[in-house]
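Trainee: Residue-level listing of the chains:
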Amino acid sequence: MLELNNIKKTFNKGTPNEFILYDGLSLKAEVGDHIVVVGSNGSGKSTLLNVIAGSVYVDSGSVVLNKIDVTNKKEYIRAQDIGRVFQDPKMGTCSTMTIMENMSLAYNKGNKYGMEAGLLKHKREMFKDMLRQLGISLEEKMETKAGALSGGQRQALALLMATMGNPKLLLLDEHAAALDPKTSAIVLDLTESFMTKDMTSIMVTHNLADALAHGNRLLMLHKGKVLLDIKGEEKKKMTIEALIHMFSKEEDVFTDTMLF
Amino acid sequence: MDVLISGIITQGFIYGIMSMGVIVTYLVLDFPDMTVDGSFPLGAAVAASLLLSGVNPWLCCIAAFFAGTLAGTVTGILHVKLHIKNLLSGIITMTALYSINLHLTGKPNLFLGNAVTIFTFENGLFAGIPSSIATLIVAFLIAMVIKFALDWFMKTKKGFLVRTVGDNPQLVASLGQNIGAVKIIALAIANGFAALAGAVICQYQQFFDISMGLGTIVMGLVAVIIGKTVFGRIRLIQLSTIAILGTIIYRATIAIALNIGFESIDLKLITAVVFVIALVLSSSEIKESIVRLFKVKNNA
Ligand SMILES: Nc1ncnc2c1ncn2[C@@H]1O[C@H](COP(=O)(O)OP(=O)(O)OP(=O)(O)O)[C@@H](O)[C@H]1O
Ligand SMILES: [Mg+2]
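Heads up: the sequence lines are chains G and U, in that order. All the letters of the first sequence, read from the start, carry residue numbers -11 to 248 under our numbering. All the letters of the second sequence, read from the start, carry residue numbers 40 to 339 under our numbering.
Isolated chain G (complex conformation) (with noise of 0.2 Å):
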């Protein structure tokens, strides 16, 4: 479904700050995995989605969506198989237009935007009952600007948006960090509907507990390298203390943070 093969990356190339991340990265995801990555801060798991998506260009391997090369295809190109939630809740939602506005919108991905009506008006009961799933209420306030609602009301809202033309690829990027315990419970469980046999997806998570939880599948990445890649059964068995014995030699691969 998804191949990385021999991905190297270097940001700043040729300045005093050049910095390598990848040197030789390659993942392979079939249909139905559902990928867990942790990982410390700048251990390349965001690069890693926005290699993928095609927001960062590598420096050379191939990116395989599909079965078709699109490692020189266009972010907005590869857009089309896949849906993306971004840790700021802002970046998924337009925040000048309503839930009604913004949900039109994202309803209509795959087609054409053309000169037809923007608001879809017979989806509109539609889109309540998928809100209404999301058990915050959000179906009452079709009329609301996402500018004006809190982060995780506008980040269950992204979700919902990115998964509307039930992307072959869903790509999430501690999208449910920022979010109240509550309200990320909610995000996390609204996800793991996604996590089905003919969808693929990628969720960085800075949380082991969450990581545990979640998906069929766990990477660890370090310094731009895959320090485990584990899934079904053994992934199921695993443990926050496992993992840690298992890395206790390694320096930083945990911070506090990834244990709370």
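Hints listed in this document are in silico derivations from the structure and should not be mistaken for laboratory results. Treat the hints with caution; some may be incorrect.
Okay, the calculated beta carbon distance ranges per label pair [as the list claims (entries may be wrong)]:
#1 U/R331 / G/D47: 32 to 38 Å
#2 U/E327 / G/K1: 35 to 41 Å
#3 U/L164 / G/N154: 45 to 51 Å
#4 U/E327 / G/S138: 18 to 24 Å
#5 U/H122 / G/H110: 38 to 44 Å
#6 G/S138 / U/L308: 45 to 51 Å
#7 G/D186 / U/D190: 38 to 44 Å
#8 U/I295 / G/Q68: 52 to 58 Å
#9 G/K1 / U/L98: 54 to 60 Å
#10 U/M183 / G/K111: 28 to 34 Å
#11 G/K1 / U/K124: 56 to 62 Å
#12 G/D186 / U/E327: 44 to 50 Å
#13 G/F7 / U/V312: 47 to 53 Å
#14 G/D47 / U/H122: 56 to 62 Å
Idealized CB from N, CA, C, for every residue including glycine.
Using the hints provided, position chain U with the ligands relative to the given structure of chain G.
Mentor: Chain U with the ligands only, in chain G's frame:
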């Protein structure tokens, strides 16, 4: 109606067409577009030169509109494809347009003389109506056509993208749409409006002057800030309405200043002062969005 008052409102409607473009680039697209100072006289130059060669005045307006969209497209391409900063892209196009406008007209001023314009009412529909009122009605109708076209566009799917790209370009990319293309469309429309306003003003005052574009953008911005400050809080008010009403108030301010003894050479000075006053009096939200726009940044 007093000829002076009808003149103010007429000009308010005409310049209002330009302000509607400005509100699209500045407030919706978040793009400080200086092209307008060149596309406004471009519209006038196109209309004036075509009129004098006997072309139907309405066709002249349409031609001017398309010339303006072309100018906006050039600015958009400079910014999107060549990654030139937004402010600079507009300045480059505006500079080039100065020569192009001169080429179109052949000289720095052009008098339309007795050429038939959209404001020629010898006979027909407006027979018996004072010409100042007939002029007002025509200006009003053009402004309304543009207003409703813009309102409609902003509600289309493409319009939704334009609104999104100014607020959150990442979302546009995430939706699988080309950010650059959306910006170019918005710039084309805005400059089409500016050029149309130029074409209409040129027929209204019956002459073209190469420097008539000077300060157009400042004028548009003042109008937008005034409109936003005075009418911005009205629920569901359209941006286009804000632009037109803001322009009329601005024109009235200028007329009052001239009436209490300022001379026409003071016009730009008055505009500058009104700009500062409007900016100071405007809500912090508008102030921030305008000031932020002119901090040089690159968001190609
Ligand atoms: N555009 C960039 N320019 C320069 N360096 C960059 C850029 N993007 C990322 N980096 C560097 O690459 C490294 C990995 O960054 P990345 O954002 O992928 O880390 P991360 O694992 O997501 O960290 P965090 O947990 O803090 O979000 C960091 O050292 C960062 O400084
Ligand atoms: Mg990160």
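Trainee: Hints broken by the structure, by number, lowest first?
Mentor: 3, 11 and 14
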